[in-house]
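2 protein chains.
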Amino acid sequence: MLYSKLFPKTIKETPKDASLTSHKLLYRGGFIRESAAGRYYLLPLGIRVHQKIQKIIKEEMDKTGAQEMVTPVLHPKELWKETNRTSSVGFELMSIKDRNEMEFVLGGTAEEMLVDLVRKFKLSYRDLPFNLYQFSTKFRDELRARGGLLRLREFMMKDAYSFDATEGDFKTEYEKMSKTYTEIFNRMGLKTIIVESDNGYIGGEYCHEFVVESEVGESRFLMTEDGSYAAHEDVAKFSLERKNVSEKEKPLEEVEAVRGTTMEDGVKLHNLPLWQQIKDVLFVDEKGRFILSIIRGDYDVNETKLLHLIKSYQLRHATEEEIREKIHSEPGFISPVGIKDIIEKDVELIIVADDSLRTVKNAYGGANKKHRDLLNMNIDRDYKADIEGDIALAREGDLAADGGGKLIAKKGIEVGNIFQLGFHYSSKMKGANYIDKDGKEKPYYMGCYGIGLARTLATVVEVYNDEKGIVWPESVAPYQVHLVGLDLSDKAVLEKAEQVYKILTSHGIEVLFDDRIEPSAGEKFADADLIGIPYRVVISKKTGAEIEVKKRSQKETEFKKLEDLVKSIKE
Amino acid sequence: MLYSKLFPKTIKETPKDASLTSHKLLYRGGFIRESAAGRYYLLPLGIRVHQKIQKIIKEEMDKTGAQEMVTPVLHPKELWKETNRTSSVGFELMSIKDRNEMEFVLGGTAEEMLVDLVRKFKLSYRDLPFNLYQFSTKFRDELRARGGLLRLREFMMKDAYSFDATEGDFKTEYEKMSKTYTEIFNRMGLKTIIVESDNGYIGGEYCHEFVVESEVGESRFLMTEDGSYAAHEDVAKFSLERKNVSEKEKPLEEVEAVRGTTMEDGVKLHNLPLWQQIKDVLFVDEKGRFILSIIRGDYDVNETKLLHLIKSYQLRHATEEEIREKIHSEPGFISPVGIKDIIEKDVELIIVADDSLRTVKNAYGGANKKHRDLLNMNIDRDYKADIEGDIALAREGDLAADGGGKLIAKKGIEVGNIFQLGFHYSSKMKGANYIDKDGKEKPYYMGCYGIGLARTLATVVEVYNDEKGIVWPESVAPYQVHLVGLDLSDKAVLEKAEQVYKILTSHGIEVLFDDRIEPSAGEKFADADLIGIPYRVVISKKTGAEIEVKKRSQKETEFKKLEDLVKSIKE
Numbered sequence: 221m222l223y224s225k226l227f228p229k230t231i232k233e234t235p236k237d238a239s240l241t242s243h244k245l246l247y248r249g250g251f252i253r254e255s256a257a258g259r260y261y262l263l264p265l266g267i268r269v270h271q272k273i274q275k276i277i278k279e280e281m282d283k284t285g286a287q288e289m290v291t292p293v294l295h296p297k298e299l300w301k302e303t304n305r306t307s308s309v310g311f312e313l314m315s316i317k318d319r320n321e322m323e324f325v326l327g328g329t330a331e332e333m334l335v336d337l338v339r340k341f342k343l344s345y346r347d348l349p350f351n352l353y354q355f356s357t358k359f360r361d362e363l364r365a366r367g368g369l370l371r372l373r374e375f376m377m378k379d380a381y382s383f384d385a386t387e388g389d390f391k392t393e394y395e396k397m398s399k400t401y402t403e404i405f406n407r408m409g410l411k412t413i414i415v416e417s418d419n420g421y422i423g424g425e426y427c428h429e430f431v432v433e434s435e436v437g438e439s440r441f442l443m444t445e446d447g448s449y450a451a452h453e454d455v456a457k458f459s460l461e462r463k464n465v466s467e468k469e470k471p472l473e474e475v476e477a478v479r480g481t482t483m484e485d486g487v488k489l490h491n492l493p494l495w496q497q498i499k500d501v502l503f504v505d506e507k508g509r510f511i512l513s514i515i516r517g518d519y520d521v522n523e524t525k526l527l528h529l530i531k532s533y534q535l536r537h538a539t540e541e542e543i544r545e546k547i548h549s550e551p552g553f554i555s556p557v558g559i560k561d562i563i564e565k566d567v568e569l570i571i572v573a574d575d576s577l578r579t580v581k582n583a584y585g586g587a588n589k590k591h592r593d594l595l596n597m598n599i600d601r602d603y604k605a606d607i608e609g610d611i612a613l614a615r616e617g618d619l620a621a622d623g624g625g626k627l628i629a630k631k632g633i634e635v636g637n638i639f640q641l642g643f644h645y646s647s648k649m650k651g652a653n654y655i656d657k658d659g660k661e662k663p664y665y666m667g668c669y670g671i672g673l674a675r676t677l678a679t680v681v682e683v684y685n686d687e688k689g690i691v692w693p694e695s696v697a698p699y700q701v702h703l704v705g706l707d708l709s710d711k712a713v714l715e716k717a718e719q720v721y722k723i724l725t726s727h728g729i730e731v732l733f734d735d736r737i738e739p740s741a742g743e744k745f746a747d748a749d750l751i752g753i754p755y756r757v758v759i760s761k762k763t764g765a766e767i768e769v770k771k772r773s774q775k776e777t778e779f780k781k782l783e784d785l786v787k788s789i790k791e
Numbered sequence: 221m222l223y224s225k226l227f228p229k230t231i232k233e234t235p236k237d238a239s240l241t242s243h244k245l246l247y248r249g250g251f252i253r254e255s256a257a258g259r260y261y262l263l264p265l266g267i268r269v270h271q272k273i274q275k276i277i278k279e280e281m282d283k284t285g286a287q288e289m290v291t292p293v294l295h296p297k298e299l300w301k302e303t304n305r306t307s308s309v310g311f312e313l314m315s316i317k318d319r320n321e322m323e324f325v326l327g328g329t330a331e332e333m334l335v336d337l338v339r340k341f342k343l344s345y346r347d348l349p350f351n352l353y354q355f356s357t358k359f360r361d362e363l364r365a366r367g368g369l370l371r372l373r374e375f376m377m378k379d380a381y382s383f384d385a386t387e388g389d390f391k392t393e394y395e396k397m398s399k400t401y402t403e404i405f406n407r408m409g410l411k412t413i414i415v416e417s418d419n420g421y422i423g424g425e426y427c428h429e430f431v432v433e434s435e436v437g438e439s440r441f442l443m444t445e446d447g448s449y450a451a452h453e454d455v456a457k458f459s460l461e462r463k464n465v466s467e468k469e470k471p472l473e474e475v476e477a478v479r480g481t482t483m484e485d486g487v488k489l490h491n492l493p494l495w496q497q498i499k500d501v502l503f504v505d506e507k508g509r510f511i512l513s514i515i516r517g518d519y520d521v522n523e524t525k526l527l528h529l530i531k532s533y534q535l536r537h538a539t540e541e542e543i544r545e546k547i548h549s550e551p552g553f554i555s556p557v558g559i560k561d562i563i564e565k566d567v568e569l570i571i572v573a574d575d576s577l578r579t580v581k582n583a584y585g586g587a588n589k590k591h592r593d594l595l596n597m598n599i600d601r602d603y604k605a606d607i608e609g610d611i612a613l614a615r616e617g618d619l620a621a622d623g624g625g626k627l628i629a630k631k632g633i634e635v636g637n638i639f640q641l642g643f644h645y646s647s648k649m650k651g652a653n654y655i656d657k658d659g660k661e662k663p664y665y666m667g668c669y670g671i672g673l674a675r676t677l678a679t680v681v682e683v684y685n686d687e688k689g690i691v692w693p694e695s696v697a698p699y700q701v702h703l704v705g706l707d708l709s710d711k712a713v714l715e716k717a718e719q720v721y722k723i724l725t726s727h728g729i730e731v732l733f734d735d736r737i738e739p740s741a742g743e744k745f746a747d748a749d750l751i752g753i754p755y756r757v758v759i760s761k762k763t764g765a766e767i768e769v770k771k772r773s774q775k776e777t778e779f780k781k782l783e784d785l786v787k788s789i790k791e
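Chains as they are written, first to last, in our numbering: chain B, 221 to 791; chain G, 221 to 791.
Any given hint could turn out to be false.
Which copy is meant is left open, so a pair is good if it fits within one copy or across any two.
As the list claims (entries may be wrong) - With a straight-line cut-off of 25 Å between C-alpha atoms, the simulated BS3-like cross-links for lysine-lysine are:
(1) Lys631 to Lys411
(2) Lys278 to Lys722
(3) Lys283 to Lys225
(4) Lys589 to Lys457
(5) Lys391 to Lys225
(6) Lys468 to Lys744
(7) Lys297 to Lys358
(8) Lys340 to Lys688
(9) Lys744 to Lys657
No lab work stands behind these hints, which were simulated from the structure alone.
Construct the entire structure; sequences and hints are all you get.
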């Protein structure tokens with residue numbers, strides 16, 4: 221490609237709202253432009269990188285035996301109604317009607333579409349397992365888009381869906397996909413950490429994110445020093461420290477407590493440790509139920525864990541008015557003790573106790589009345605929970621649940637994820653069955669596997685850059701060689717440069733040839749550094765019979781024979 | 221690929237609504253399935269063909285120097301408002317709002333998006349010309365979809381947009397694109413006819429369709445025997461036959477005419493030739509203007525030509541009530557003579573006369589009153605037109621306007637089109653300029669170029685099939701070799717077949733290996749014929765050291781050495 225003909229050229233300015241390195245460099249280098257917030261044009265340089273990423277994904281997916289196909293972008297909304305996802309998805313779904321008043325959603329993920337396709341066929345156990353994948357545009361009506369490609373409202377996703385007869389077969393596939401993802405990202409120069417995470421709107425029981433550590437990432441996770449455990453902060457488990465469990469239970473006592481409403485106010489007033497206090501957080505879920513979550517004072521409630529325990533998908537904090545008028549308690553003085561006896565008749569209240577309350581005796585806290593506290597509260601004796609379980613937020617420094625030492629807090633960019641779906645979809649959607657050996661219809665066991673291509677592209681730039689620009693790994697670089705012609709007004713030099721361009725391209729090497737006459741050497745080198753192609757080759761008056769080669773990732777310049785460069789690139 | 225693992229397998233049934241050969245065969249062969257009307261899944265076999273078509277298009281586009289990129293699928297609606305296309309497009313536009321109430325349209329074509337991108341850059345004459353293209357999903361909210369892939373509501377299109385400084389440069393690009401399109405379709409085995417056509421909702425002054433002749437096509441066009449002229453019936457020009465032009469003009473005369481309202485009723489009553497009668501057709505356009513189109517009785521009005529002349533985009537026939545109450549005339553008795561003197565005051569009436577009225581003297585027709593006719597009407601003397609021009613519909617048998625003999629009516633499938641856009645978009649959209657050598661801002665001269673991939677795929681099947689199934693051309697076949705293993709319960713034969721599979725794939729040959737044990741030879745051969753892969757290779761007890769080869773397009777079976785097959789495929 222001649223740089224003189226390339227649309228567009230680099231520019232020096234950075235968009236006002238650009239804070240991310242990848243956004244700035246991709247913009248300045250001419251890889252991308254914004255259409256509307258979160259919706260980007262991929263320009264000629266940008267789409268070359270995007271296609272190389274796509275090719276790597278395709279090659280690795282094909283190796284596993286997964287089969288490529290593609291679904292329509294518009295999904296019949298009735299399918300999403302079959303699985304109740306029209307109301308439960310975590311991203312705002314965009315809906316549209318056609319001229320015949322048929323309703324569609326713009327595809328965000330395609331589980332329903334795949335099941336609807338597969339159930340059109342009478343499958344037998346012999347047809348299983350299979351894994352179908354596609355590259356297609358996905359839509360997420362995000363509240364806020366980030367600048368650049370890290371969080372988009374519209375992007376190409378590789379999404380795959382596996383269909384197995386048994387959980388055992390599925391686990392083999394899940395493991396295969398996990399290894400394949402690691403290899404895919406490795407090939408692009410990205411080292412990924414496999415992080416247990418929340419399945420959110422997808423459904424199913426477990427899933428993993430592939431995360432590239434980065435300060436600009438939005439995935440917050442906890443990992444042991446030895447790397448044996450990594451989990452998103454939403455789901456991370458840890459080992460509870462046991463406190464005064466051997467202490468004798470003292471009599472429950474109500475006392476005056478003229479204090480503020482914070483945990484610290486309680487600690488100060490009673491001069492007792494924070495961990496001995498009960499933290500009460502009152503939520504309302506999407507069904508209007510009140511959820512009283514209680515936990516040891518030194519821990520925080522993890523809303524994601526709580527949602528899973530109560531099988532809801534949305535929580536909000538109860539208002540002070542609701543606490544007083546519906547619960548007949550008092551903000552800052554809520555207590556599980558006797559609370560079910562004082563609430564309004566029409567109120568449904570569910571008490572969820574964290575496991576940590578089993579590690580403490582003689583706890584203190586509110587008494588459901590202003591300026592009254594209870595001392596020596598003990599679970600079972602003084603209050604009961606409707607549900608007990610793990611609703612605690614893990615923190616840096618906590619001990620990992622299954623060994624591996626202390627948890628360290630990390631941030632990273634989620635570039636891919638894999639989900640166990642189990643029977644979540646096949647049980648909800650009618651006819652999603654195969655005929656087993658025994659002649660009986662059985663639902664298939666499913667999984668799904670996603671990679672966002674544009675985010676992966678931006679992540680490569682976040683990892684591979686320096687103060688001058690991008691430093692593309694060879695596997696995804698838009699071109700392999702950036703040929704810079706200097707002194708091109710000299711006919712002999714121009715001819716030499718054109719010859720080198722011809723020879724390189726004849727060897728199948730992708731070359732961007734800066735054939736412009738006007739710009740100075742400095743401007744051309746700055747452009748080459750910004751665009752970040754792995755090999756910079758200079759032809760000038762000085763280079764004579766050789767060529768000047770510099771790797772973008774190194775400082776040294778070498779004079780070489782052209783054939784030696786060809787050899788080292790082709791290796 | 222092992223056929224035993226392929227999703228899905230062939231089936232014998234044909235969908236109830238399938239009338240097109242391509243629909244039936246692609247469905248039965250397992251290439252496609254419908255999601256909703258006009259929205260299809262491309263299954264693993266289908267997407268392989270689709271990708272081969274895409275690769276051919278990409279290779280040929282890249283050869284021309286055009287640069288690939290991609291725009292978002294959702295286009296900000298404000299852009300379409302800039303060019304007034306929200307109201308004027310010929311396909312129903314689908315609109316959608318995001319959670320922030322921003323309006324988008326689902327892209328049908330991307331002229332505005334490309335101009336909006338290009339105007340973000342300060343272009344100089346040095347940056348021109350360039351041509352940007354993309355492969356992306358396009359949406360057309362068609363009133364009716366056809367079964368299969370011939371007319372879809374959602375499909376991948378290759379759309380390209382050229383930006384030139386001058387009309388001369390543009391014409392060079394247009395010619396280049398025309399040749400490229402011919403080559404693209406040739407490589408897929410499709411012989412295309414370049415047909416002048418209507419630019420419709422795209423804008424601009426001229427355009428051409430690339431049409432593959434086919435009985436199931438919806439493009440109706442007229443072509444001379446020698447092929448020197450081909451034009452869509454909407455725009456076809458022809459040479460008007462001169463009638464009684466040398467006759468002396470006789471005095472205008474009003475007579476009683478108790479007759480019906482058809483042209484034939486007039487011919488019978490007056491016993492004069494049809495061509496001497498004036499045909500009056502009254503339309504109402506989208507602005508509410510009445511358009512009286514008049515033409516020689518033996519011709520018909522071409523609404524597309526009429527729309528262009530009056531610069532409107534929609535016509536409907538006036539109702540009988542409107543003719544009586546607004547025009548104060550009479551259905552079946554309308555006449556241009558004196559009509560402007562009798563209409564309602566607030567009515568705007570435009571008289572458009574076809575050129576054919578200059579080829580006849582002393583015409584007859586209605587008198588704007590029931591059962592009254594006029595004889596000896598002559599243009600200029602008795603009536604005047606606001607606009608005169610060509611609004612006549614060409615028919616088979618008419619003589620082409622520029623020689624080449626008689627026109628023949630043909631039908632075909634439009635697989636691609638190229639459009640001159642001129643300044644249509646760059647003049648309407650602010651800032652769509654480049655800085656010329658003289659330092660002045662000038663709008664760029666544009667063109668656009670489209671190919672629908674799925675329709676092209678279906679067209680290949682319409683052209684290449686027989687009573688047993690599809691007969692893919694090698695360039696777009698999903699696999700090159702269909703390896704059929706027979707007697708596979710015999711371990712030696714199975715091993716041999718697996719070895720052949722391995723050797724073929726090691727040579728980079730794409731093989732679909734029917735490794736199933738149960739089905740009979742007949743069933744396997746029927747599947748191979750239906751799927752239509754170019755080479756069928758059989759390994760069985762009988763084949764011994766050789767292999768049995770049959771080309772799908774031929775009847776003969778040959779016994780060959782494996783290496784000879786490899787050679788002939790690689791050639």
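Going down the list of hints, with the structure as the test:
1. Lys631 to Lys411: within (14 Å within a copy, 57 Å between copies)
2. Lys278 to Lys722: between (30 Å within a copy, 21 Å between copies)
3. Lys283 to Lys225: So Lys283 and Lys225 pass the 25 Å test across copies only (14 Å; inside, 38 Å).
4. Lys589 to Lys457: Intra 34 Å, inter 92 Å, cutoff 25 Å: neither.
5. Lys391 to Lys225: Intra 51 Å, inter 19 Å, cutoff 25 Å: inter-copy only.
6. Lys468 to Lys744: neither (79 Å within a copy, 79 Å between copies)
7. Lys297 to Lys358: Cα proximity of Lys297 and Lys358: in one copy and across copies (15 Å, 19 Å).
8. Lys340 to Lys688: between (54 Å within a copy, 24 Å between copies)
9. Lys744 to Lys657: Cα proximity of Lys744 and Lys657: across copies only (23 Å, versus 68 Å in one copy).
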